[in-house]
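Visitor: Sequence:
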Amino acid sequence: MIEPKHPVLSITRQCALIGVSRSAWYGPGKSESPLNLALMKLIDAQFMETPFYGRRQMARHLRNQGYCVGRKRIRRLMARMGLRAVYQPPRTTVPHPEHRKYHSPLCLNQWRKRLVSSGIR
0 MIEPKHPVLS ITRQCALIGV SRSAWYGPGK SESPLNLALM KLIDAQFMET
50 PFYGRRQMAR HLRNQGYCVG RKRIRRLMAR MGLRAVYQPP RTTVPHPEHR
100 KYHSPLCLNQ WRKRLVSSGI R
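Going by numbering that gives the first Met the number 0, 9 is the number at position 10 of the sequence shown; the sequence numbering is gapless.
Worth flagging that the hints you see were computed from the coordinates, not collected in a lab. Nothing here was measured: the structure is a model prediction, and the numbers come from that model. Here a beta-carbon is modelled for each residue, glycine too, at the ideal position from N, C-alpha and C. Incorrect hints may appear among the rest.
[Claimed, not checked] Cβ-Cβ distance ranges computed for the label pairs, FRET-style:
(1) Val19 x Gln64: 43 to 49 Å
(2) Val85 x Asn108: 45 to 51 Å
(3) Arg90 x Pro27: 44 to 50 Å
[What the hints assert, rightly or not] The list that follows gives simulated cross-link-like pairs (lysine-lysine, BS3-like), each with its CA atoms no further than 30 Å apart:
(4) Lys29 x Lys71
(5) Lys112 x Lys100
(6) Lys40 x Lys29
Please model the entire structure based on the sequences and the hints provided.
Guide: If you want it as structure tokens, here you go:
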């Protein structure tokens, strides 16, 4: 396999030897720092108590505990953990109860009779 820290062969040469283009090879991913892992444990514990906390409230909670964190870092960690706040979506389009969508068949029949009697089809 490819060794990024090989003393003699460069990554480009190693890719050429095994027949893989350099742009197709990705280096090993970075793991989370110990501080981020500790923050993830705190986020998980707090999320179990208050699942309605979003990234802003979670960041505020951790800052109150003495951690220097921003909401973007909390957003990234919560997304990596698969956590999303539970909330009720806004009801922006609620029709007025008096504005009926469907009218009674009696009204439709009267309207149809008027059209037929006036000669419009």
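Visitor: With reference to the structure, classify each hint as holding or not holding.
Guide: Quick rundown of the hints versus the structure:
Distance hint check: the CB atoms of valine 19 and glutamine 64 are about 47 Å apart, consistent with the given range 43 to 49 Å. A beta carbon spacing of about 49 Å between valine 85 and asparagine 108 agrees with the range 45 to 51 Å that was offered as a hint. For the pair arginine 90 and proline 27, the beta carbons lie near 48 Å from each other, so the given range of 44 to 50 Å is met. Proximity of lysine 29 to lysine 71 is assessed by CA-CA distance (about 19 Å); at most 30 Å being required, the pair is judged to hold.
A threshold of 30 Å between alpha carbons decides the hint, and for lysine 112 with lysine 100 the separation of about 21 Å falls inside it, so the pair holds. Only pairs whose Cα atoms come within 30 Å are accepted, and lysine 40 paired with lysine 29 is accepted, the gap being roughly 19 Å.
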